[in-house]
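Peer 1: Chain F: place on chain Z using the hints.
2 protein chains.
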Amino acid sequence: MIGKVLQPDLEELIQRQNWGELRGILSDLEPFDIAEIIGDLPPEDKGVVFRVLPHGQAAEVFAHLPFEHQEELIQSLSGEQMRAILNQMTPDDRTRLLEELPSEVTRRLLETLSPEELKAARELLGYPPDTAGRYMTPEYVSLRPDMTAAQALDHIRRSGRGKETLDIVYVVDQNGKLLDDLRLGVLVLADPAANVGKLQDQSLVSVPATADREEALQTFEKYDRVALPVTDAQGHMLGILTVDDILDVAQQEATEDIQKIGGQEALDAPYPEVGFLALLRKRAGWLSVLFLGEMFTATAMGYFEQEIERAVVLALFVPLIISSGGNSGSQAATLIIRSLALGELSLRDWLRVFGRELASGLSLGVWLGLIGFLRVILWQRLGWVDYGEHYALVGITVWISLVGVVSFGTLAGSMLPFILRRLKFDPATSSAPFVATLVDVTGLVIYFTVAYLVLRGALL
Amino acid sequence: MIGKVLQPDLEELIQRQNWGELRGILSDLEPFDIAEIIGDLPPEDKGVVFRVLPHGQAAEVFAHLPFEHQEELIQSLSGEQMRAILNQMTPDDRTRLLEELPSEVTRRLLETLSPEELKAARELLGYPPDTAGRYMTPEYVSLRPDMTAAQALDHIRRSGRGKETLDIVYVVDQNGKLLDDLRLGVLVLADPAANVGKLQDQSLVSVPATADREEALQTFEKYDRVALPVTDAQGHMLGILTVDDILDVAQQEATEDIQKIGGQEALDAPYPEVGFLALLRKRAGWLSVLFLGEMFTATAMGYFEQEIERAVVLALFVPLIISSGGNSGSQAATLIIRSLALGELSLRDWLRVFGRELASGLSLGVWLGLIGFLRVILWQRLGWVDYGEHYALVGITVWISLVGVVSFGTLAGSMLPFILRRLKFDPATSSAPFVATLVDVTGLVIYFTVAYLVLRGALL
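The listed protein sequences correspond, in order, to chains Z and F. Heads up, the first sequence is in the working numbering, so the first residue is 458 and it goes up one at a time. Heads up, the second sequence is in the working numbering, so the first residue is 458 and it goes up one at a time.
Bound conformation, chain Z alone (with noise of 0.2 Å):
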């Protein structure tokens, strides 16, 4: 929005060649707005706007940009520019940076970095994908435990210009183990004479470098802090984790699962910064899969066929009776899916999970049977259709049947996502239509089983 309403003033200013106003208009914004308003720029005017910013801006703005735009600007930079940027750029924004790359890309531009810089992102990519070690800035203040408090404030004036987060402190003993974290408001508040490693706070959490974001995010969420340290398996300081990285990833975790519940490929980007053909090949993959699989249900219906033909009025039943079973199926699945994502739920309980939901299963069933039975006998009594002289056996066929797909929906939807964790994959790709797509073809042979024994004599 700031970005529509500045974009004229400042594609005037480029034309005028007048980079002190544009400098000067610029460094009142924040980097959100300013990647914004590049965003909004003809591609020729980008890398204009971007010179102009100190070193320090750009690289909190480049962070903010989205990747596309990241990558035609790093084409378009020299490389002294880039480096100067990647310099500036904290530590995690860089790795995440570096990662989304392609590695030729990646290579080409770890060669910019100074060699600190490049140690410190080499060390945070050295962690496998998506765990809290890729996460993690080390950029922190720490302390040693025999500071006074007006030492360690002393000690942060100093070393403290520059760093992620000064809101939490963290005293580390001479080999480099995690003592404590401290609240920056903490040491304030202390008697200075204090001994830093004597004050009271809120007891130490840290969160290992091989926990994945799932837990990372868990761990915030349970203990409501606004950063958390990282250590390796000794209990040694590594970096921290900061709240605002992990809302991202809180966000992102939702946003795919929510995009692999509707049954195709997380897009990994916002939905209108993706091509069209990229969003085609996602939903075109899934969607063939379900397709291939759905075609077992023209195969079990020809199975059927020689019933069908002597009792049209089983094929009206049709999609009524699979879709209840899909729907059922699909409720049942993104509340367990969940429930695991937010650690509501772990293996161990599926047993318990099953029994519930056999319990739910059976009673939605009888309910929505007693539904479909009604349907049949009050259509027929008043005259809307004919469904012939047994009608009353085809009600009881809806009901029995609403039973028996709706109970196997529920469980299939309730139990597919506990076996997916357990074979170690993402229990959220048992999506609504999978889920649809297995119980449409249960269903039917469900359906005509129950008919054939219900009407055997007497349609059939």
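Keep in mind that a hint or two might mislead.
All copies of an identical chain are treated as equivalent in the list; a pair is satisfied when it fits inside any one copy or across any two copies.
Said to hold, decoys possible - In silico DSS-like pairs for lysine-lysine, Cα to Cα no more than 27 Å straight-line: (1) Lys503 with Lys739; (2) Lys503 with Lys679; (3) Lys655 with Lys679; (4) Lys881 with Lys620; (5) Lys739 with Lys881; (6) Lys739 with Lys620; (7) Lys620 with Lys655; (8) Lys655 with Lys503; (9) Lys679 with Lys634; (10) Lys620 with Lys679; (11) Lys739 with Lys655; (12) Lys881 with Lys503; (13) Lys634 with Lys503; (14) Lys881 with Lys679; (15) Lys620 with Lys634; (16) Lys655 with Lys881; (17) Lys655 with Lys634; (18) Lys634 with Lys881; (19) Lys634 with Lys739.
Just so you know, these hints were derived from the structure itself, not from any lab.
Peer 2: This is chain F only, laid out in the frame that chain Z set:
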């Protein structure tokens, strides 16, 4: 986990009425962990553990308890004890508690508050549900712009104890107008003689009290802050929002959307904690609505009964065709729902999305139709099935129908969230099952109409 380990010990201490040691063990634990322990205890011991805690700690533990346990405890604790706990809770935690309780209980509890606390609670409660005004806390430190950094730190030392966060402090003029926010770290690093009003920091971003929580969440994401000030229309400072509350909001919003996308009401509590009947009710409602909608498929099929009788082969492809529409609709709906929730898309983008999704739908439909067509031809040629002499026409019917059904499904799925947002409903209500049901009925009409046009004179 901690609860499970410590529980036997604690129960033993309670039986031996060893309150001193019990208090000692508990005082070393985090509020979250104590809440977990209390949740695992038998009901009669819950209140006991609670009474042993110091009031400040009790308030924090209380805020971490699941809602039913809170209600249970309110019944069991005396008015005096409840009053002490409520008075110690942070205002935003208290507001959330009071909001969730039945109004009778709320009124009774409000009576136990001290006049000052009551004022804070009433003020917070005056804003519409789910707005920033409901989540803010008035516990922040404010500074005057003419203070020096040294004076400001002194002021914080005197008034900062017990405030929810000291990470950010606020510069406010004598009329209560918000001028700036400063990170505590900036104050600590500053020249002690520097004027607070002149300190350079990140630029000021605030949230209006009437902003809804989605808006507040997006502001946090944009600007990477740990706390944001909340202001009235005139720019007066009312309170602050902290990032830990917003992280909870983000997770809760995503959970609600995921549950709605699954075709049910949002649960408002973790799955394992929702009672069986409450869970059933939340699921049966939408399932019944969907079932009633799906009944139109039986009506639609009934309308084409004669065609089915003449060409039973048509019935075989019904599930395949309508489910493809449902699947492509689910994909489109979940993409758009999440993009709207994250603010990546807004209402005015609908036309652009319409064009893009129409093109996607047509492409996906042509692709799936091709697979379907080849399936019919191949199976026939291989002699696995007999679709009659006009099998090629049947294949063409399937192909054309799939183009129509998938395009319609994609468009319906992508436009419904916009329509719901426009009508002030939650876009997530256009769930996967809802879209699938809508598309099932329309899909049947498309399929049989195409069949009639293609097969007229041949099979029909």
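Peer 1: Hint by hint, note whether the structure agrees.
Peer 2: Hint-by-hint comparison with the structure:
1. Lys503 with Lys739: neither (30 Å within a copy, 51 Å between copies)
2. Lys503 with Lys679: Between copies only: 21 Å across chains, 42 Å inside a chain, cut-off 27 Å.
3. Lys655 with Lys679: within (25 Å within a copy, 38 Å between copies)
4. Lys881 with Lys620: neither (37 Å within a copy, 44 Å between copies)
5. Lys739 with Lys881: Within one copy only: 22 Å inside a chain, 31 Å across chains, cut-off 27 Å.
6. Lys739 with Lys620: Classified as neither; 39 Å inside a copy, 48 Å across copies.
7. Lys620 with Lys655: Answer is both; intra-copy 25 Å and inter-copy 21 Å each pass.
8. Lys655 with Lys503: This pair counts as neither: shortest intra-copy Cα distance 52 Å, inter-copy 32 Å.
9. Lys679 with Lys634: Answer is within: at 24 Å inside a copy they meet the 27 Å cutoff, but 35 Å across does not.
10. Lys620 with Lys679: Both: 26 Å inside a chain and 20 Å across chains, each within 27 Å.
11. Lys739 with Lys655: neither (55 Å within a copy, 52 Å between copies)
12. Lys881 with Lys503: neither (43 Å within a copy, 38 Å between copies)
13. Lys634 with Lys503: neither (45 Å within a copy, 37 Å between copies)
14. Lys881 with Lys679: Intra 25 Å, inter 33 Å, cutoff 27 Å: intra-copy only.
15. Lys620 with Lys634: within (20 Å within a copy, 30 Å between copies)
16. Lys655 with Lys881: neither (44 Å within a copy, 55 Å between copies)
17. Lys655 with Lys634: Only inside one copy: Lys655 and Lys634 sit 16 Å apart there, 39 Å across copies, limit 27 Å.
18. Lys634 with Lys881: Neither, since 33 Å and 54 Å both go past 27 Å.
19. Lys634 with Lys739: Neither. Shortest intra-copy (45 Å) and inter-copy (50 Å) distances fail the 27 Å Cα cut-off.
In terms of the numbered hints stated before, the structure departs from hints 1, 4, 6, 8, 11, 12, 13, 16, 18, 19, listed from lowest to highest.
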